[in-house]
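Enquirer: Spelled out, the chains give:
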Amino acid sequence: MGLLLIDRLRRLNRAIALLVGLGLLGMAAFVVADIALRQVHASFGGSEELAGYAMALVTSWGMAYTLLELGHIRIDLIRSRAGERLRMLFDLFAMIMMSGVVVTIAIKCWPVVERAVTNGSRANTPLATPLAWVQIPWFAGWVWFALMACLVTLAALSLAVRGRGAETEPFIGAFAEQDSLK
Amino acid sequence: MITYVSVGLLALLSLSIPVGIVLFLLGFGVDQFFSGFPLTRALGNMVWSSSSSATLIAIPFFVLLGEILVRSGVAARTYAALDRWVSWMPGGLVHANVATATMFSATSGSSVATAATVATVAMPQAEKLGYDPKLFSGAIAAGGTLGIMIPPSINLIVYGFLTQSSIPQLFLAGLIPGLGLALAFLIVTAIICTIKPELGGTRRVFPFFQMARALVDLVPILILFGLIVGSIYRGWATPTEAAAVGVAGALLIALAFGGVNWTMMRDSLLGTIKVTSMIMLIIIGASFLNFTLSSAGLGRELTSFLEGLGLSPLGFIMVVVVIYIVLGFFIETLSLMVVTIPIIVPMVLAQGYDVIWFGILMIVLIEMALITPPVGLNLYVVQGARKSGNLNEVMLGAIPYVLVMLAMAFALIAVPDIALFLPNALE
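These protein sequence lines are chains A and B, in that order.
Just so you know, the first sequence maps onto residues 0 to 181 in numbering that gives the first Met the number 0.
Just so you know, the second sequence maps onto residues 0 to 426 in numbering that gives the first Met the number 0.
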């Protein structure tokens, strides 16, 4: 069940990452259009502010994809010299720490959103964007990342206790550095 | 505190916990043990303010630009064109490796991407033409490191963001050292191959009309570089906007060469998201650690630590160089840069050094880290693109270029103007 779950999550997050990527491309197009308009003394205005929001969303929603593709860099100088069982322990430990930290981040991000919602805060900029509009999806991205980290950890733990620890390496291991580039 | 944080950093990293997560853990630790008031309460705000940054969106833009150029086959054309122009020197095609890497550095912000690009197109040639694999592959690994020195550079953006220094100035400062290194690589290659011709390959001279025709393939990349760097210095665009312009330019070039299709676009976008999130987790972690360290009084502690050392500024900078060389053997480069900035940069500035200058010195040292074993990403990238032989050959081949970089580091210390001349002149 663990491996099937991982496979599903991979596909799902790949689709999300592609959407995020298309959004990024759209943001680039918007910025270029804005520069062109400035040459004729016009402008959409606020492209800098929007780029910042886009970056926050790209970051929070891209995290889970990178997690499932083993993209978050680890120094595996010692790990790579360990045997299979010890390597699995390294991986499980790293995943548990990661889940803990990411869950903490998601929890601590809530007060930021809560304040924006209850106070109806607006950005201190010409656009005066209601911050809740961007901070709710941003927060959702971190919650999603936390959820994914926990699910991956649970899937790995469930395989490990059933004595199938070797099968966890493809989704919680560390890629050899050259492979991670492909 | 400095000692605890440094030891904790190395211990957690060696447990192979992801680098970004290690930085958060250290931040929690500083909050728990060294701070009078709860700093973790500000975590949510830190995550928001360090990721909702219009400056940092330049990172995914530059990554995407590189991905598009590589995946659309523009790289292969550039290599073939430069072969026509530089392979007449002793060492032959080895020069084309350095030249192509230099050219791609001027459009790509990443060293690994540059090395991967050149290795993919160059390696098959080495085997076909019977080159000695050592110097050939070493030159690719070393040339690739220029990607983070010659603007645009993702590492310089990160440095500027974390130290709150001017990114356009950093870009200007990187230009002369970057081109200087490229030139030095070419000269060293020529010298080595004059003394020991068997290390290089046959010199190749092409008829003039072939050289002229090859220019057509070089022009797009040169225009792209001009567009990116020019728009920043003409004041038309911020580095972020210039990166967006670069993406548009890369797409146009790829279209013109007929290299755009859905698979290529999809892979470029996915690759970009993966690299961006990896970098951002580390940057957000570093911002949080930065914040906890300075709130817990790192500044005061550093001052007394430095006074206790009793080193002259020069002695101090030498210690810093040695620290980077040693850490560079073991720690991946962006991580090395980001984890050390909160601790080392305040100390360097306290000694009266210039923040822009130190950024460039740090980049040279980080470039060395990219090609020194056992953790030298570019060595693995180049080895990954080879069909035969082992990693030792690439390492041996890179040694002459490591020495060139070391010389550049000392030159920067002796003559800071190598980096600071351009930013000061255009102030």
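Hint data in this document are derived by calculation from the structure and do not stem from the laboratory.
Any given hint could be a false lead.
Pairwise CB distance ranges, derived in the manner of DEER restraints [stated by the list, open to error]:
hint, chain 1, residue 1, chain 2, residue 2, range
1, B, TRP261, A, ARG114, 17 to 23 Å
2, A, GLY22, B, ASN391, 53 to 59 Å
3, B, ILE222, A, ASP6, 42 to 48 Å
4, A, VAL116, B, LEU305, 42 to 48 Å
5, A, THR117, B, ILE222, 47 to 53 Å
6, A, ASP6, B, LEU308, 39 to 45 Å
7, A, ARG114, B, ILE222, 46 to 52 Å
8, B, TRP261, A, PHE43, 27 to 33 Å
9, B, ARG202, A, PHE92, 42 to 48 Å
10, A, GLY22, B, ALA10, 34 to 40 Å
Going by beta-carbon spacing under 8 Å, a handful of chain B positions derived as facing chain A [as the list claims (entries may be wrong)]:
hint, residue
11, SER13
12, GLY19
13, GLN163
14, TRP235
15, ALA243
16, VAL244
17, ALA247
18, VAL318
19, LEU326
20, LEU348
Bear in mind the structure is a predicted one, so any value in this text is a computation, not a measurement.
Cβ coordinates follow ideal geometry from the N, Cα and C atoms, glycine included.
Enquirer: Work down the list of hints and note, for each, if the structure agrees.
Expert: Hint check results:
no.	hint	verdict
1	B:TRP261 with A:ARG114: 17 to 23 Å	violated, 42 Å
2	A:GLY22 with B:ASN391: 53 to 59 Å	violated, 44 Å
3	B:ILE222 with A:ASP6: 42 to 48 Å	holds, 44 Å
4	A:VAL116 with B:LEU305: 42 to 48 Å	holds, 46 Å
5	A:THR117 with B:ILE222: 47 to 53 Å	holds, 51 Å
6	A:ASP6 with B:LEU308: 39 to 45 Å	violated, 55 Å
7	A:ARG114 with B:ILE222: 46 to 52 Å	holds, 47 Å
8	B:TRP261 with A:PHE43: 27 to 33 Å	holds, 29 Å
9	B:ARG202 with A:PHE92: 42 to 48 Å	violated, 55 Å
10	A:GLY22 with B:ALA10: 34 to 40 Å	holds, 39 Å
11	SER13	holds, 5 Å
12	GLY19	holds, 6 Å
13	GLN163	violated, 16 Å
14	TRP235	holds, 7 Å
15	ALA243	holds, 4 Å
16	VAL244	holds, 6 Å
17	ALA247	holds, 5 Å
18	VAL318	violated, 23 Å
19	LEU326	violated, 11 Å
20	LEU348	violated, 27 Å
Going down the numbered hints, you'll see the structure goes against 1, 2, 6, 9, 13, 18, 19, 20, while the others check out.
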